[in-house]
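Okay, here's what each chain looks like letter by letter:
Protein chains: 4
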Amino acid sequence: MELHSELDKPKSNCGIVAVHGHQDASIYAYQALFALQHRGQESSGIVTSDGKDLHRHVGMGLVSQAFPDLSVLNALKGHLAIGHNRYSTTGSTMMHNAQPFLVNFKDGPLAVSHNGNFVNTRSVRNQLIEDGAIFQTTSDTEVVLHLMARSKNKSIAGKIKEALSILKGAYSLVMVTRDQVFGIRDPRGWRPLCLGEKDGAYFIVSETCALDLIGAEYIREIEPGEILAVSKDGLSEHWLEEKAPRAACVFEHVYFSRPDSKIFNENVDRARRKLGKNLALEHPCDADIVISVPDSSNTAAIGYANVSGIKFEIGLIRNHYVGRTFIHPEQSARDFSVRVKFNPVEGVLKGRRVVIVEDSVVRGTTLKHLTKMLRKAGAKEVHVRVSSPPINFPCYYGMDFPTTEELIASGKTVEEIAKYLGVDSLGYLSLEGMVGAVSKDGGFCKACFVGEYPLEPELGAKKIL
Amino acid sequence: MELHSELDKPKSNCGIVAVHGHQDASIYAYQALFALQHRGQESSGIVTSDGKDLHRHVGMGLVSQAFPDLSVLNALKGHLAIGHNRYSTTGSTMMHNAQPFLVNFKDGPLAVSHNGNFVNTRSVRNQLIEDGAIFQTTSDTEVVLHLMARSKNKSIAGKIKEALSILKGAYSLVMVTRDQVFGIRDPRGWRPLCLGEKDGAYFIVSETCALDLIGAEYIREIEPGEILAVSKDGLSEHWLEEKAPRAACVFEHVYFSRPDSKIFNENVDRARRKLGKNLALEHPCDADIVISVPDSSNTAAIGYANVSGIKFEIGLIRNHYVGRTFIHPEQSARDFSVRVKFNPVEGVLKGRRVVIVEDSVVRGTTLKHLTKMLRKAGAKEVHVRVSSPPINFPCYYGMDFPTTEELIASGKTVEEIAKYLGVDSLGYLSLEGMVGAVSKDGGFCKACFVGEYPLEPELGAKKIL
Amino acid sequence: MELHSELDKPKSNCGIVAVHGHQDASIYAYQALFALQHRGQESSGIVTSDGKDLHRHVGMGLVSQAFPDLSVLNALKGHLAIGHNRYSTTGSTMMHNAQPFLVNFKDGPLAVSHNGNFVNTRSVRNQLIEDGAIFQTTSDTEVVLHLMARSKNKSIAGKIKEALSILKGAYSLVMVTRDQVFGIRDPRGWRPLCLGEKDGAYFIVSETCALDLIGAEYIREIEPGEILAVSKDGLSEHWLEEKAPRAACVFEHVYFSRPDSKIFNENVDRARRKLGKNLALEHPCDADIVISVPDSSNTAAIGYANVSGIKFEIGLIRNHYVGRTFIHPEQSARDFSVRVKFNPVEGVLKGRRVVIVEDSVVRGTTLKHLTKMLRKAGAKEVHVRVSSPPINFPCYYGMDFPTTEELIASGKTVEEIAKYLGVDSLGYLSLEGMVGAVSKDGGFCKACFVGEYPLEPELGAKKIL
Amino acid sequence: MELHSELDKPKSNCGIVAVHGHQDASIYAYQALFALQHRGQESSGIVTSDGKDLHRHVGMGLVSQAFPDLSVLNALKGHLAIGHNRYSTTGSTMMHNAQPFLVNFKDGPLAVSHNGNFVNTRSVRNQLIEDGAIFQTTSDTEVVLHLMARSKNKSIAGKIKEALSILKGAYSLVMVTRDQVFGIRDPRGWRPLCLGEKDGAYFIVSETCALDLIGAEYIREIEPGEILAVSKDGLSEHWLEEKAPRAACVFEHVYFSRPDSKIFNENVDRARRKLGKNLALEHPCDADIVISVPDSSNTAAIGYANVSGIKFEIGLIRNHYVGRTFIHPEQSARDFSVRVKFNPVEGVLKGRRVVIVEDSVVRGTTLKHLTKMLRKAGAKEVHVRVSSPPINFPCYYGMDFPTTEELIASGKTVEEIAKYLGVDSLGYLSLEGMVGAVSKDGGFCKACFVGEYPLEPELGAKKIL
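Just so you know, the sequences run in chain order A, B, C and D. Be aware that the first sequence starts at 1, since it is given in my numbering, and climbs by one per residue. Be aware that the second sequence starts at 1, since it is given in my numbering, and climbs by one per residue. Be aware that the third sequence starts at 1, since it is given in my numbering, and climbs by one per residue. Be aware that the fourth sequence starts at 1, since it is given in my numbering, and climbs by one per residue.
These are computed hints drawn from the structure, not numbers from a lab. You may find that some hints are simply not true.
A pair counts as met if it fits within one copy or between any two copies, since identical chains are not told apart.
Heads up, simulated DSBU-like pairs for lysine-lysine below, C-alpha to C-alpha not over 35 Å straight-line [claimed, not checked]:
1. Lys-372 - Lys-152
2. Lys-372 - Lys-232
3. Lys-243 - Lys-106
4. Lys-198 - Lys-350
5. Lys-350 - Lys-77
6. Lys-243 - Lys-380
7. Lys-376 - Lys-311
8. Lys-376 - Lys-11
9. Lys-161 - Lys-106
10. Lys-446 - Lys-350
11. Lys-311 - Lys-350
12. Lys-198 - Lys-419
13. Lys-419 - Lys-152
14. Lys-106 - Lys-152
15. Lys-11 - Lys-350
16. Lys-380 - Lys-198
17. Lys-372 - Lys-198
18. Lys-154 - Lys-11
19. Lys-198 - Lys-161
20. Lys-77 - Lys-372
21. Lys-311 - Lys-372
22. Lys-419 - Lys-380
23. Lys-106 - Lys-52
24. Lys-11 - Lys-77
25. Lys-232 - Lys-106
26. Lys-232 - Lys-198
27. Lys-368 - Lys-412
28. Lys-106 - Lys-154
Take the sequences, apply the hints, and build the full model.
Structure, rendered in structure tokens:
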């Protein structure tokens, strides 16, 4: 039996990049995608411009699979580029949805990459189709392009502005034309996007870790509502009309982004450690050791350990070679899929009262098995601490959750969840504790925790990218 | 050094197929594409409909490479299908131009495959772009779809009619929607397309050899100007508005189609043998043996042998494993590329006066080398007979010739060509001899021979598909 | 359902090559293997020597698949090389049996390629194993190497001589050491092997068509019983001790070799045409046309036509793209596998009395279906003429037949076979007619026709390579 | 430019497994190899026995690449199996050296897998070749098989004993015959090997983490000098003649093994934490935070933090997607290859005095770049602590070091090394501190630290597997 192991986590967004002003823009776009690999593993693609033609290559799988040799990058000529990593959806590999998207319209060729989700594409799309538009993909990105093509505005920035006055949602976008690249962020700033510079070339990337790999200096965030255009004349700022309070996705700090990145003007690492600290304050525990579910919860676990004074230990080893594996029909797929990713360290756990810190719980399936595994390895007590509140509501802004029914927190008290998981105690970080950790000034979206939606989705809006 | 061997022939058109009414339509579409492999080797694709959704798979290379295992075909569910083989253009493999083309528009999903060439896409495309259309490919097919999407006509057949009243050219098209397949032929009937039936299922294919492989019975041609719709209610015929005299591509009989096919209501084999017979009458020769440039000229050579009374022999062996090969820098690429395809049979040629029959000559490069090869193998005399007239003009209707300057016949007398080739004598079939062989009733396009164009191309019309 | 189409023919031997004296020996070995592709399609490999080290690459499939890019050939450094094409056995792909075989022994590295079959390996192998030898493959070639390694003889040629005084059978071998290549043929000369030269470099190949592609001049056959050594000092001839009458495999002329090759000092084409002529003399027929089962029977059919005075026509079109295909469960695999390879030309066959010439019949399955196909296409009568006698006995010398029970001729009269095939008449060429065609001086093995074995196989000798 | 990133570490040994008594032994062997992936990434292979035949599959790359689908495992029939992961050597992929090795000899088929290195193969091999043996690989394993084949001993265990009385070295071996599997460890017990059980089936694996993944119970180590045979009659123990003091490779605890494994009767995790603790006692530091070079030094760093009382932090993020990447010619390969693997966490490092714990230093290249990286991220001081002594001497027992000249410690004082690395202070764990951490009873090989070799290598013994 074939087994595709997946973590019990919200599915990641995508990773995007734009490059302007380096003669081998494709190499830098490639490296940025490499650094942003954690944001998407289904497909990867780059479009470059040499000032005259746009060149495109997309491939399935990891960046290293999509770009198997240097000749592929060398064929992507030009000093402008955008790139895209698409996240992995279960079971389906949709080559024709792979990004960046490249089309020809009135103003010449244009390519777009997209991280996020629109909430009113259904009605806009239907209207466009009614007007005679044809759609080749199911991607929202194509809707943006149709709106731009129909705009009477003279400039590209003007067309973007017009298109995004119609489409609503959570989005960070990069675009490339023959001679310009653009970085755009929705008015609420849901997804991260920032600007860097190196030797006169500009880079727009989802997270700063991509700038670090390239060796570029961080300049600033693309602001919510900003359309930043980069041309040979330098940077020029344009603004979307809609003004709205910030609603950054808190899960970027909790889980999605790399801890060595800075997003939303804050180090992820610092925010994540603070989440752990607040968790220790809210839900202290009488235990011998603190361990994490590696690697994403490591920093929060250290924060918990520091505040609680309980020793931090490595109690689970993560196998990084995981992907597809095979099991025997007699083996339990659930059991195996956890065991292939995590192995307990008996010497650490035996006879100990263990606090295990996890950043988020979706279905709870992995955590249930981990608990069994810890007990089997000799843990005397297992106390789970989660560095975010229970997830109770669907996201319309770019996260891929299971249905509400599958969410472990849905309709259950914390005690019921603890019982289901088989743990000695369970503590979720409070909404206040979480928001207090990630921001000085509020401005985060809490929809999935409390069901208050900063931007109302249209009826039947799809929940995922 | 890598060497891609190509014959010195006009490049083939594409091969297309539509299936209606068999629960595993994809298998039959696959088999039809297999039989039509000679019409296109660059890419291959199938779109099916299960009544609700359309499913698409395209891949590069031969049918067997594009469909590497049965699971790919099984995933293409449905009882309706269309398929497409795309011919090989030198050096470029354009995955995003691979067909069938699948889009969503007002009436739902629609897929199209196309064999031929339009002559006014440039202006129509520009007008569409001006009106806000976006184009994702450089393929003419996309223009057809935009026109259909913008049509206010209620029925699909009506939309097709409207779109094709704007676009002019040489085309055989197949389309599939959720519940119908269509077969369409331009008003002049440039490219072949015919209808077959088996166990209640209908098949529309480029050549009858595809019906033979499937095991279907030939019913009739799709008529020039016909839009044949197949639905669960059976066949219904619609007609394009434009009426025009027939202008079938004579090269289908001369070279493109398989000799076991029937096209334009005539057996290719019979036409091809007649070409050879007429050639023998027009250009007799005092020689010991008749040989052909295998395999496409075999039948014409036999016709020549039968009328001339000179013995037919196999003087050249064709290697069918050819594709990409490697040579040493010291070796001549030209020489090798001919030698790897053809080897002379010394026992046949030595001391003989040889008539070699070739169906068509484009640049003359291959023939020049074959002549040298025959002489080296001991041929005492080499007389070339070509079963079609000299090619002097570009084609705008789906054939891919080199530039006029590269055509061997361009601006040269037959004597000059003979001298260039190094042959003892050279005879081309006359226009009358050719037309007399392929048709009882005329109606063939002679543009590439005499420069009279049945349909004026717009300025800058591209010459190839 | 997946379908692997195979012709109803004896399975081919392998093709081998050795190169000495060209700085890029691997390119020439590659080209020779390309020309010898018809002798083996399962795997392909080359070993080179740069005077110090031996370099090896083997891969599955066709030459073009085993050597997918030039860098593979460039990595095979050296001015000496041997190469090997292995024939395709049904269903099994045995990478570790792929040749050439490369080992290290007392005298340094040594590689061997082999075409043929030994008849006493079982006992020799058992004896070697008893003495402590280990075997890594099931290939006979490894036995040769063990015997050479154990020889006390000082020279490589001496070791070869000693090893082949113990092993008996039908074999053409090529070997390469650091500074020599060898070409060896068994005392009876069962399989072809010849020598060519170009610019001071020597080439030893299975068939002359490989010399033609390389551009080398044919010098002579490697004689039966000869060990030809090529070193920087030129050619030196050595001889095996065993002397025996010639027993060349007549099937090389009938079917295996390419018609443009010269083997056993005779043009294959000439022999094959003579087979057809003798067939016409022995089995004349009152018919309208002669057709062949393309391509291997083309030459014999032309011979038949010339002598009989009946017109030669192309009645069956062979599809050269065949390999693996897929069929629907409702379709008959037998029917389809013939149809996918051959399609009748209706215009040629309709209303005609047809003589169809086939070079050999093993199980008769293909011929039975072809007959049905011809009748369906309108043939009034179908007369089969086979240019070799009925096959009745197993081969121990390198051909791969089915079991005796599966042979159509086994225990049946010609009338019974004709009835089974459903033909109007059937004629096999007589043994005398065949031998008279292929040789002036006799010396052919007739084991599979009459059961007289020139070299007695040991009990349980395997019948195939 | 293509860049293959490698850590500056001793190259790992191989991973091996044997399975007896489960009807789908191949699946379990596969899973064990999956868990042992860290021990070798160049190639992976399995041989099974169904009681009659042995079946083999080997492939290049990771386990998931070598076994791309379940059908490959299903084809490996039988209830006995052995498997092997081979470690990655730079630049060369030697398919023919891939293990397990499968041969036929006197007693039937036999397959072997090997972890370690022999020290006298050169002379033994030469003697065997002198006696007429042929070698197909450069692998030591083949020597073992030749010696077994030549043994007059009646039983397999006896033959193993005899062969290993001639060959000396460091080895853990598994073997499979038609009806037995064997696990063998050299008299000094250099490499780990242990026994587990599940549902009556036995498993012999390099590390216990493989038992954990399979779900088997750990029973015991294969003892130094033991030949453990498993057949349908259960376990039987045999012993090599040579007796010698234990000389386990201390690097298995320091770096090679997974921290969740138990080897040499000790939890790796416990040993590794103790290394860090001893390091803190020997080399205390006045600093703000302790960080590790992830992931292998994590546990030692936590040990250091716990004893020193300095806070443990995550200061470097490790990118697990690394493999092959591409860089621009203007970029520094050295810099990039470190940056692509590690990114500093600025928020943690800025303004801090940092202790960085590394388990071992070979060339020092990575550490030098990490130091620069930490300083650039704002670290005020950088203090390096290494949880093993300086490496000064070559290993002949299975580790792959660079030449002595390339070793950073070679001929330099600790102060000189510190200066070269550019660090504020540097401390290596002492030999006593290390041995005290990993064992209660001594018995470790210290050759690479002090140059005392437990088993003298013959002149010219190769240093790597």
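Of the numbered hints stated earlier in the document, which are not met by this structure? Checked against the structure, the hints that fail are numbers 1, 5, 6, 13, 18, while the rest are satisfied.
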